[in-house]
Amino acid sequence: MAEILAGLTDALSLSTVAYVILGVALGQIVGAIPGLSIVMALAIAVPFTYALDPLTAVAFLISVNKGGTVGGAVPAILINTPGTPESAATAMDGHPMAKAGRPMKAMKYALYYSVTGDVASDLVLICVSVPLAAIALKMGPLEITALMILAFTIITGLVGRSMVKGLIAATLGCLAASVGLDPGTGTPRYTWGFYELDDGLPLGAVAVGMLAVSEIVMRVAQAGRGGAPSAAAIEMRGARREDRRVSLAEYLANKVVVLRGIAIGTAIGAVPGLGSATAGFLSYSISKQTAKDPEAFGTGDPRGIAASESANSAVVGANLIPLLTLGIPGNIAAALLVGAFLIHGLQPGPLLFEEQGRFVYGMFGAMLIANLCNLGVGQLGMRLWAFVVSAPMSVIYPGALLLCVTGVYFTAGAIYGIVIMLGAAVVGYVMRMFGYSIVAFIIAFILAPLLERSVIQSVIVTRGDPAALLDHPIALALLAVALASTVYLVRARRAA
Amino acid sequence: MRAERIAGGLAVLFGVFLLLVLTPWQVKSYGGGMSDPTLFPDIAATLLVLLGALQIAVPPPAEAPADRRELGRAAAVVALTGASLAVMHGLGYLPAGFLLMAGLLLLMRERRVLWLVAATLGLPLAIWALFVVVLERPLP
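First to last, the sequence lines map onto chains A and B.
One gets my numbering by counting positions in the first sequence from 1 and adding 4 to each.
One gets my numbering by counting positions in the second sequence from 1 and adding 50 to each.
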């Protein structure tokens, strides 16, 4: 109990709250700009948290993630261009509502239901993570190895259009992770005599290069194909007061849709590999199919906004369940959070609850505070984000690249880090061009050292005898599930 | 489909190169075994060969290729960033920032003088001021 109270007190400190507010504001701005993803914002922001204390740093990054989910609805509603993939389903009813003269009402619906979904999934995370971590602590090296193999197969099977390409991308990520000193013997691998590479390729430089810089390179290369749509065509001020606000009765009128969206988003968020966009579309689709008047969807029905936003925001908190309890990032945003944890000397996983309980409860407190700040900042900033949507891409992308260079300079070894970032950007651009999943690469890059360590521990524990696996039924069961999921995913892709 | 087979072939070649040339050259082996430093790299290389062969045999749907103009512009962005890195090493952060912003703005066909000047000078100065003056973190 003392740890919980101490953690919550840390979360309420002035600096933490200030960075939470800054984080949600930054997330909402980035989310509001089509073409800039939350992942890009997180990749750029991680290096900048180097100088902060661990709780403030993680709270800031989680707040950016939460803010981005809210901000992505703004361009989806105003210009029918989702700022983030998870808001694509919101555009289906949000934009028609805006065109009918109720843009503020549509954005407020999106804001309120997004925050509702976020709060609900955070509460689920807080309730289930402690008992799940206790179960995970009973797992030994063999079980952890099997679990990581399962995570690899699920993630590589669900990202990208081709499982073979996903596996190749993951394999390349594992290879990139083997640069540096071998964890078992301390022997240098692929360092070419450069001592800077003894610690491996810096995660910050690789992540920023592949996720953010390669995206910027692609966007700049494609610039000039057509002008970006502007928000100027939508009149922001509705004629009547009820067109600019959402009453409590209107908010509660869609509670069934919202509860269903929260359940879908939380379930999807807890499974590694699936993402917010999947949750948003699935919730929208189910809500439409189960409605008595499905033809109303797509015409500006608030149920469409409720279904999409509650589900895609419920993913955010649930994504941290596999990260905190098992140390396995559920998606790329969680993978970047792993980077932030490692920068501050924290190892995500079940031991975190035992060794850093105060930090964990502080993080939970900061997440709940971030939801409140998301609501407040969203209410106040709505008109400003509409202005941001109309900012020229010709300024946004170069500015983002300069921020990438600056951030990596500070945290990944100055000029050396920027060179690695540039190399990673080239690799990332080529991968994007040929349809290889960057997400699979990055997650493999992060998980591979952990997998290698657990394999070495497993070999020591079993004295190299494969038959010893038979004494570990949980590990066998996990490997069987990994095999079954591979077969299922391959068949599902063939059928599609 | 041809592009997919070529990509698969490249994966096979890279895997073979790793197994036969790069790993023996760059990683010292202690006679093999489950704890050998070459274990994981060899597993990854073998997987690349197998998966590349699978991609040749059963090519997945091809992606729409970028045209030459787009590839050229992408190369220009990378070259510009590299050049600004060299300027940063020699002259410092601000000249590098001005060069990078000006080059990218022109590459994106920004012709409005006000935006050109404001973004080229304003953004690098603002970022420099944030880090050097406010956060007291030195930049080159």
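Note that these hints are calculated values from the structure, not bench results.
Heads up, some of the hints might be wrong.
[Stated by the list, open to error] A short list of chain A residues far from chain B (calculated; beta carbon distances all over 12 angstroms):
(1) Lys169
(2) Thr191
(3) Arg223
(4) Ala271
(5) Asp297
(6) Phe391
(7) Gly468
[To be verified] Interface residues of chain B toward chain A, partial, derived using beta-carbon atoms under 10 angstroms:
(8) Leu63
(9) Phe64
(10) Gly65
(11) Thr73
(12) Gln76
(13) Pro87
(14) Gln105
(15) Tyr143
(16) Pro145
(17) Gly153
(18) Met158
(19) Glu160
(20) Ala168
(21) Leu189
[What the hints assert, rightly or not] Using C-beta positions, here's what the derived DEER-type ranges look like:
(22) Phe198(A) <-> Leu156(B): 33 to 41 angstroms
(23) Arg55(B) <-> Tyr492(A): 20 to 28 angstroms
(24) Gly349(A) <-> Val183(B): 27 to 35 angstroms
(25) Val167(B) <-> Ile290(A): 36 to 44 angstroms
(26) Ala103(B) <-> Gly190(A): 16 to 24 angstroms
(27) Ile93(B) <-> Pro298(A): 33 to 41 angstroms
(28) Leu70(B) <-> Glu7(A): 35 to 43 angstroms
(29) Ala471(A) <-> Val71(B): 32 to 40 angstroms
Even for Gly, the Cβ is constructed at its ideal location relative to N, Cα and C.
Tested hints:
For Lys169(A), the condition that its CB be more than 12 angstroms from all CB atoms of chain B is violated, with the nearest at approximately 6 angstroms. The non-interface label for Thr191(A) is inconsistent with chain B: the shortest C-beta to C-beta separation is roughly 4 angstroms, within 12 angstroms. With 12 angstroms as the threshold on Cβ separation, the claim that Arg223(A) sits away from chain B is violated: the shortest Cβ distance comes to roughly 9 angstroms. Ala271(A), annotated as away from the interface, keeps every beta carbon of chain B farther than 12 angstroms; the closest lies near 29 angstroms.
For Asp297(A), the requirement that its beta carbon stay farther than 12 angstroms from each beta carbon of chain B is met, with the minimum near 37 angstroms. Non-interface call for Phe391(A) relative to chain B: holds, since the shortest CB-CB distance, roughly 15 angstroms, exceeds 12 angstroms. With a closest Cβ-Cβ approach of about 6 angstroms to chain B, Gly468(A) is found to fall inside the 12 angstroms limit, against its non-interface label. Because the closest C-beta pair between Leu63(B) and chain A is about 13 angstroms apart, greater than 10 angstroms, the hint is violated.
Among the interface hints, the one on Phe64(B) holds; its C-beta lies about 9 angstroms from the nearest C-beta in chain A, closer than the 10 angstroms criterion. Restraint check, Gly65(B) versus chain A: the minimum CB separation of about 9 angstroms is within 10 angstroms; hint holds. The beta carbon of Thr73(B) comes within 8 angstroms of a beta carbon in chain A, closer than 10 angstroms, and the hint placing it at the interface holds. Evaluation of the Gln76(B) hint against chain A yields a held restraint, the C-beta minimum of about 5 angstroms falling below 10 angstroms.
Checking Pro87(B) against chain A by beta carbon gives a least distance of about 4 angstroms; that is within 10 angstroms, so the hint holds. Annotation: interface hint on Gln105(B) holds; nearest CB of chain A at approximately 5 angstroms, less than 10 angstroms. Proximity of Tyr143(B) to chain A holds as hinted, the smallest CB-CB distance being about 8 angstroms (cut-off 10 angstroms). Interface restraint check for Pro145(B): the shortest CB-CB distance to chain A comes to about 13 angstroms, outside 10 angstroms, so the restraint is violated.
A cut of 10 angstroms between beta carbons decides the hint on Gly153(B): the least distance to chain A is about 8 angstroms, and the hint holds. Of the supplied interface hints, the one on Met158(B) holds, with its beta-carbon coming within about 4 angstroms of a beta-carbon of chain A, less than 10 angstroms. A least Cβ separation of about 4 angstroms between Glu160(B) and chain A falls short of the 10 angstroms threshold, and the interface hint therefore holds. Of the supplied interface hints, the one on Ala168(B) holds, with its beta-carbon coming within about 8 angstroms of a beta-carbon of chain A, less than 10 angstroms.
Hint status for Leu189(B) relative to chain A: holds, with the closest Cβ pair at about 7 angstroms, below 10 angstroms. The hinted range of 33 to 41 angstroms is satisfied by Phe198(A) and Leu156(B), whose Cβ atoms lie roughly 35 angstroms apart. Distance hint for Arg55(B) and Tyr492(A): a CB-CB separation of about 27 angstroms, consistent with the stated range 20 to 28 angstroms. About 29 angstroms separates the C-beta atoms of Gly349(A) and Val183(B), a value consistent with the hinted range of 27 to 35 angstroms.
Under the hint 36 to 44 angstroms, the C-beta atoms of Val167(B) and Ile290(A), about 52 angstroms apart, miss the expected range. The hinted range of 16 to 24 angstroms is not satisfied by Ala103(B) and Gly190(A), whose Cβ atoms lie roughly 34 angstroms apart. A hinted range of 33 to 41 angstroms is violated for the C-beta pair Ile93(B) and Pro298(A), which are about 50 angstroms apart. At about 54 angstroms, the CB distance of Leu70(B) to Glu7(A) disagrees with the hint of 35 to 43 angstroms.
Taking the beta carbon of each, Ala471(A) and Val71(B) are about 36 angstroms apart, inside 32 to 40 angstroms as hinted.
This entry does not satisfy hints 1, 2, 3, 7, 8, 16, 25, 26, 27, 28, going by the numbered hints stated previously.
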